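Student: What follows is each chain in one-letter form.
Number of protein chains: 2
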Amino acid sequence: MAGAEIEALIRHLSKLPGLGPRSARRIALALLKKRESMLDPLVRTMQAAAEAVRICQTCGNYDSQDPCSICTDTRRDGSLVCVVEGVSDLWALERTAAFKGKYHVTGGLLSPIDGIGPDDLKIDRLLARVQNGVVKEVVLALSATVDGQTTAHYIADRLKDTGITISGLAHGVPVGGELDYLDDGTISAALKARRPM
Amino acid sequence: MAGAEIEALIRHLSKLPGLGPRSARRIALALLKKRESMLDPLVRTMQAAAEAVRICQTCGNYDSQDPCSICTDTRRDGSLVCVVEGVSDLWALERTAAFKGKYHVTGGLLSPIDGIGPDDLKIDRLLARVQNGVVKEVVLALSATVDGQTTAHYIADRLKDTGITISGLAHGVPVGGELDYLDDGTISAALKARRPM
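In order, the protein sequence lines correspond to chains A and B.
For what it's worth, numbering that gives the first Met the number 0 labels the leading residue of the first sequence as 0, then goes sequentially.
For what it's worth, numbering that gives the first Met the number 0 labels the leading residue of the second sequence as 0, then goes sequentially.
Isolated chain A (complex conformation) (with noise of 0.2 Å):
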């Protein structure tokens, strides 16, 4: 169709989460087009990217400096340490601004299935950081899928001796969400968990 350049070029653009040939397509016809106010600039960061981020080797957080931004502040409370599953977590926590402690990613889920184990996910590296003295609380930010609640279960299990409180998200209505359309599942523990208002 287009030259052998081109081709590669949206074959490459395809293969990234949540684009298929379609959008490809589209995006690499806006970077040919804007080749100076868009390619080379994303080229840009993307190589300054790729050369400047690393992983916190603390608590698995990308940043440009290991530890990373949160690791190293000390505004932020010690003694609470968040368990997410991935960067993207740490990500939509922060956004948040909710939460002033410091994080861990595991880096995925506990999952037999997929022969993902306790290994895979560095729950040892996570038991030896919370067992310093410093941090009081461990507040496990897991996703509420079965594979997310095997791997809350399975580090509060690891954890019940070492006398460290453990903590999960809290089940509910979401803020903005409208009962009709929720799922059983959560309004039996919206109900559950009801409060005095």
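Note that these hints are calculated values from the structure, not bench results.
Since this is a predicted model, take the numbers as computed values, not measurements.
Heads up, some of the hints might be wrong.
Stated by the list, open to error - When the alpha-carbon atoms are kept at most 16 Å apart in a straight line, the in silico EDC-like pairs for lysine to aspartate or glutamate are as follows: (1) Lys14/B x Glu35/A; (2) Lys33/A x Glu50/B; (3) Lys32/B x Glu84/A; (4) Lys33/B x Glu35/A.
Following the hints, complete the assembly by docking chain B onto the known chain A.
Tutor: Chain B alone, transformed into the frame defined by chain A:
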């Protein structure tokens, strides 16, 4: 939230057509996670495309060569020129493999409101090109919108004294389309252009 390089990467990705902040974050994370298998190859193909791809000075297509592989293809019918708005339309026609002539990309549509006149669309170049004695028919494959039809009428008007046959795409029911979901204009056009079976 994250390092400056990550923020810049997300900002540049979210400028791509069809992407917003959420999909840009998702793509940025995937790129950072799969640096060797995704980010580096994408940077290389983008650089290769930026270097190799040029605009065909004859028809306006993107290709690694100028004149492009369609313009230089001797198996294609040079007496037939299809006028399209953009390269994406040219690609769409090429995917059907139903057209074996050559193309002419206007790069836009006449739009008095946006201040786009005949000079911006290089329509003089099209006129000069088709008046070489080789071109017998010009197919106006422009969008069935007001601007598209205005542009088609303008080009047809400029070509009317050349003796070249001018045609347009047929209007009708899309293949696989249900009448119930079609607009009235399309149904009346399909009725008017009804064919013996």
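Student: Indicate, hint by hint, whether the structure satisfies it.
Tutor: Hints versus structure:
1. About 14 Å separates the Cα atoms of Lys14/B and Glu35/A, which keeps this hinted pair within 16 Å; it holds.
2. Taking the CA atoms of Lys33/A and Glu50/B, the gap is about 13 Å. The hint holds against a cut of 16 Å.
3. For the suggested pair Lys32/B and Glu84/A, the alpha carbons sit about 14 Å apart, so the restraint of at most 16 Å is met.
4. Taken as a hint, the Lys33/B and Glu35/A pair is broken in the structure, with Cα atoms around 26 Å apart against an allowance of 16 Å.
Figure legend: structure checked against the earlier numbered hints; the only hint not met is number 4.
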